[in-house]
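Trainee: Listed here are the chains, written in short residue letters.
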Amino acid sequence: MRGTVPRIPSGCSITGILNRKAKRFSGADVIKSIRLMHDRSNGLGGGFAGYGIYPQYRDHYAFHLLYHKETSQHETEHFLEKSFFIDCSEPIPTRPHPRITDTPILWRYFLRVKPYVVEQFSARQNERRPTGRLADVGYEEKNFVVKQVMEINQKIDGAFVASSGKNMGVFKGVGFPEDIGEFYRVEEYEGYMWTSHGRFPTNTPGWWGGAHPFTILDWSVVHNGEISSYGINRRYLEAFGYHCTLQTDTEVIAYLFDLLHRRQGLSLETTCLALSAPFWKEIDRYPEPRREVVTAIRQVYGSAMLNGPFSLVVGFNGGMIGITDRIKLRPLVCGQKDEVVYLSSEESAIREICPAPDRIWTIRAGEPIIVKLDEGVQP
Amino acid sequence: MRSLVSPDFLVKIDHQQCRRCKRCVQGCGFGALSFLDRVAPDNSKCVACQRCVAFCPEGAITVVQNPLTFKGNDYWTAKDIKSIYKQAEAGGMLLTGMGNDRPYGSYFDHMVLDACQVTNPSIDPLREPMELRTYLGSKPNALEFEERDGGAVLTTRLGPQVVLETPIIFAAMSYGAISLQAHKALARAASLSGSLMNTGEGGLHKELYPYSDRIIVQVASGRFGVNQEYLDRGVAVEIKIGQGAKPGIGGHLPGEKVNQEVSQTRMIPEGTDALSPAPHHDIYSIEDLSQLIYSLKEATRYTKPVGVKIAAVHNVAAIASGIVRAGADFVYIDGFRGGTGAAPTMIRDNVGIPIEMAIASVDDRMRQEGIRNQATLIAAGGIRNSGDVAKAIALGADVVAIGTAALVAMGCHLCQKCNTGNCSWGIATQRPELTRRLETEEATERLVNLLRGWSLELKDFLGALGLNAIESLRGSRDRLRGVGLNQVELDVLGIKPAGR
Chain A
204 MRGTVPRIPS
214 GCSITGILNR
224 KAKRFSGADV
234 IKSIRLMHDR
244 SNGLGGGFAG
254 YGIYPQYRDH
264 YAFHLLYHKE
274 TSQHETEHFL
284 EKSFFIDCSE
294 PIPTRPHPRI
304 TDTPILWRYF
314 LRVKPYVVEQ
324 FSARQNERRP
334 TGRLADVGYE
344 EKNFVVKQVM
354 EINQKIDGAF
364 VASSGKNMGV
374 FKGVGFPEDI
384 GEFYRVEEYE
394 GYMWTSHGRF
404 PTNTPGWWGG
414 AHPFTILDWS
424 VVHNGEISSY
434 GINRRYLEAF
444 GYHCTLQTDT
454 EVIAYLFDLL
464 HRRQGLSLET
474 TCLALSAPFW
484 KEIDRYPEPR
494 REVVTAIRQV
504 YGSAMLNGPF
514 SLVVGFNGGM
524 IGITDRIKLR
534 PLVCGQKDEV
544 VYLSSEESAI
554 REICPAPDRI
564 WTIRAGEPII
574 VKLDEGVQP
Chain B
71 MRSLVSPDFL
81 VKIDHQQCRR
91 CKRCVQGCGF
101 GALSFLDRVA
111 PDNSKCVACQ
121 RCVAFCPEGA
131 ITVVQNPLTF
141 KGNDYWTAKD
151 IKSIYKQAEA
161 GGMLLTGMGN
171 DRPYGSYFDH
181 MVLDACQVTN
191 PSIDPLREPM
201 ELRTYLGSKP
211 NALEFEERDG
221 GAVLTTRLGP
231 QVVLETPIIF
241 AAMSYGAISL
251 QAHKALARAA
261 SLSGSLMNTG
271 EGGLHKELYP
281 YSDRIIVQVA
291 SGRFGVNQEY
301 LDRGVAVEIK
311 IGQGAKPGIG
321 GHLPGEKVNQ
331 EVSQTRMIPE
341 GTDALSPAPH
351 HDIYSIEDLS
361 QLIYSLKEAT
371 RYTKPVGVKI
381 AAVHNVAAIA
391 SGIVRAGADF
401 VYIDGFRGGT
411 GAAPTMIRDN
421 VGIPIEMAIA
431 SVDDRMRQEG
441 IRNQATLIAA
451 GGIRNSGDVA
461 KAIALGADVV
471 AIGTAALVAM
481 GCHLCQKCNT
491 GNCSWGIATQ
501 RPELTRRLET
511 EEATERLVNL
521 LRGWSLELKD
531 FLGALGLNAI
541 ESLRGSRDRL
551 RGVGLNQVEL
561 DVLGIKPAGR
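Protein chains in written order, with our numbering: chain A, 204 to 582; chain B, 71 to 570.
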């Protein structure tokens, strides 16, 4: 069995903000919101995901890299050059911060995949593409990018991909989240969606790759809780070419969304059903054909089900999802004001930046909140 | 020829206590007790089945190990010496019943489970739902849906699935090897518990027909009792290639056990030995097996899962993989501790591998090949308690089957004489004066209680692990640690040592 990499359990705070009309706003709000929940983290990890922050490179894969040594950077760049056109390569802007120390080399790249590389790659795949994905032109290209990310994380010593999606990026590290935000100058970016995480691990080497959000392509996950089913989730994902190398259970969630929704073509609703499935006693009472549908999901995706306490905010290009475990062992509150939707561990963290929301409510156990950009709105 | 075999046990009767009711004399299936002026034991016939001890109203009987037989010798054990005497006297193969009793140790006893503390809360099964439901049958790797107005509609067609309310089923034990009363109790208990029983290779007696939806019907090399109706009566079909107690060996039912009812059910003449051949005479390769799998699927119109049972042997992972690729919907693996109604002792004690290793290597192999979803993995062979069940599932089994434990629940005392047909407990015998003492009602209740008790314990394990569904434990080897195992053993099991 693979997987000698240890896993570190954690507890935490999370926040997500989405403007449904794709109006971009500064990262200052999300810092303010997560700052209020300071006591939910312990200074061993904080991070942000911003969507719509790179409009000038909207069609490029934006790779944020963490390097623990210079040789890792050389090796990674050499690796990237083989398959990508590197249209921009620059350090991620930071400012000196008294409480952020031991920083790795932080670098970002805006990449286009070399077309012949994808052709060669897809010719070697024998995976049957789900019918729902036939029209998806970027399908093989994305699979290829996933594979490159796995290879960097797995094979290049001291190099970790913090994010790899288009027109989005992740800023994370060891420290309290508000300090991490200041360090990365997150308030200088404008995005239509932000998620954030403050970490309270119970046992950890202070390491930057272990901070949230966890990502693959444009999926980002911030997670409060612990995935007790991590062992089987990881083994399930390994069969599909995902390798968990980041020492944290949350990693599997990003990969599961990628596998079930993007690769296997399940709708977001169905994906959520598989990951936080209803209890059998409820399923047995569903009318047909829903009973048949959900029964089949549990039969087939049992190894993908997330078990254990969690509340999640999952971001992707064009929307975000809030979901908890099926007996709701972690909090999640949703708020809405005009076209802005908020998700957070605490109501106070929403009211901190939106004092008079139109609606605010706690999410029911296992029932996802899926918010997308309004129809026709382009990020 | 004078026998040199000294008795294994001594029966001690307290004649002060004894009221000479002779109940023990009637009770002994082995004829070890007779009544002259008082109860007189024939120690050489005693097998320590404890029937007389359990039913003596005065508590006047004790059975003890014969304290002195041979001069102490760590290499030539009493068992070795006696076996040689027996063979020198009779010139035959040593026969026995039940599973391998040799001191090979157990990997279950060298693994421990995890539990939650603080960071992920443990879940209280008394207050929160806990799910053990498991589906037996082949699953696709992915589902496809069509989104319609009323919601998503499934467009993938799943193969037949059998629902189990607990991941514990009864192992294959044939009518013939065990009594009709015992067979009926297994079927009724399976029906009441949402579990399954398995006919073994002895056919299906008509009295079990009401429980058809809880019965796996077995097709073994002797094809005893197999016809269209038999296949139609099962909820799943199992092709038996091998058995943990006797890998590579056919079935043995001595003619003494083939009475009229057994003969009708097996469709063989009364009083004849039912010896099923070692291999199936139509299966000499994996292609042949595939043909039989699909013949049975055709015969049952693809409405029932069709699986294959094999013994855990050295190359079990590759064999299981071939079986799944040959079309099996489930693979039943029987470890070397698995029981039997009759087997050559030497085969039972020296062939096969532990089920723990077999589960780990088969599950690994199926995952590597991307076919894990294609078949349900049933593990059996020496499952003694719910701890073994939980560990087997954490190693990668979907379902666990219990044979010996089920017999013990019905009263078996593991005297290992099933092959003689003299079972004093009325379980592994066809003698009417013995079988009628096993009350189906009570035996059913005992089996239902056992499944219930183990299922409750499984829920406790899950709750402690912070899980509320059995599928989150299945194959989650992260939740196991090894104690006192070397690195190679840990690697095969795919687990870390305790402390890591």
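Read the hints as simulated data drawn from the structure, not as lab findings. There's no promise every hint is true.
Taking lysine-lysine and the DSBU-like style, the derived pairs with C-alpha atoms no more than 30 Å apart in a straight line are [said to hold, decoys possible]:
#, chain 1, residue 1, chain 2, residue 2
1, B, 92, A, 350
2, A, 285, A, 350
3, B, 276, A, 358
4, A, 235, A, 224
5, A, 224, A, 285
6, A, 575, A, 235
Beta-carbon label-pair distances, calculated as ranges [claimed, not checked]:
#, chain 1, residue 1, chain 2, residue 2, range
7, A, 290, B, 219, 25 to 31 Å
8, A, 573, B, 198, 53 to 59 Å
9, A, 470, B, 277, 48 to 54 Å
10, B, 567, A, 328, 53 to 59 Å
11, A, 224, B, 438, 43 to 49 Å
12, B, 235, A, 568, 19 to 25 Å
13, B, 567, A, 485, 38 to 44 Å
14, B, 506, A, 568, 36 to 42 Å
15, A, 573, B, 276, 52 to 58 Å
16, A, 491, B, 526, 47 to 53 Å
17, B, 567, A, 573, 42 to 48 Å
18, A, 300, B, 526, 42 to 48 Å
19, B, 556, A, 350, 31 to 37 Å
Glycine is no exception: its CB is placed at the ideal position from the N, C-alpha and C atoms.
Trainee: Each of the hints needs a verdict: does it hold here or not?
Mentor: The hints, checked one at a time:
Restraint check: the Cα-Cα separation between residue 92/B and residue 350/A comes to about 78 Å, which exceeds 30 Å; the hinted pair is violated. Restraint check: the Cα-Cα separation between residue 285/A and residue 350/A comes to about 14 Å, which is no more than 30 Å; the hinted pair holds. Between residue 276/B and residue 358/A, the direct Cα distance comes to roughly 63 Å. Violation of the 30 Å bound is thereby established for this hinted pair. Our distance criterion of 30 Å between C-alpha atoms is met by residue 235/A and residue 224/A, whose separation comes to about 22 Å.
A C-alpha spacing of about 38 Å is found between residue 224/A and residue 285/A, which places the hinted pair above 30 Å, so the restraint is violated. Between the alpha carbons of residue 575/A and residue 235/A the distance comes to roughly 23 Å, so the proposed pair stays at or under 30 Å and holds. A C-beta distance of roughly 45 Å is found between residue 290/A and residue 219/B, which places it outside the suggested range of 25 to 31 Å. Range check, residue 573/A to residue 198/B: about 26 Å between beta-carbon atoms, so the 53 to 59 Å window is missed.
Range check, residue 470/A to residue 277/B: Cβ separation about 50 Å, and the 48 to 54 Å hint holds. A hinted range of 53 to 59 Å for the beta carbons of residue 567/B and residue 328/A is inconsistent with their spacing of about 38 Å. Between residue 224/A and residue 438/B, the C-beta spacing of about 48 Å keeps the proposed range 43 to 49 Å intact. Checked against the hint of 19 to 25 Å, the C-beta distance between residue 235/B and residue 568/A comes to roughly 23 Å, which is consistent with it.
Distance hint for residue 567/B and residue 485/A: a CB-CB separation of about 40 Å, consistent with the stated range 38 to 44 Å. For the hinted restraint 36 to 42 Å between residue 506/B and residue 568/A, the CB-CB distance of approximately 54 Å leaves it violated. Between residue 573/A and residue 276/B the Cβ separation comes to about 55 Å, which falls inside the hinted range of 52 to 58 Å. Checking the proposed 47 to 53 Å range against residue 491/A and residue 526/B shows it is violated: the Cβ atoms sit about 32 Å from each other.
One distance hint, 42 to 48 Å for the beta-carbon pair residue 567/B and residue 573/A, holds here, with the actual separation near 43 Å. Checking the proposed 42 to 48 Å range against residue 300/A and residue 526/B shows it is violated: the Cβ atoms sit about 54 Å from each other. The hinted range of 31 to 37 Å is satisfied by residue 556/B and residue 350/A, whose Cβ atoms lie roughly 36 Å apart.
The structure is inconsistent with the numbered hints 1, 3, 5, 7, 8, 10, 14, 16, 18, although it conforms to all the rest.
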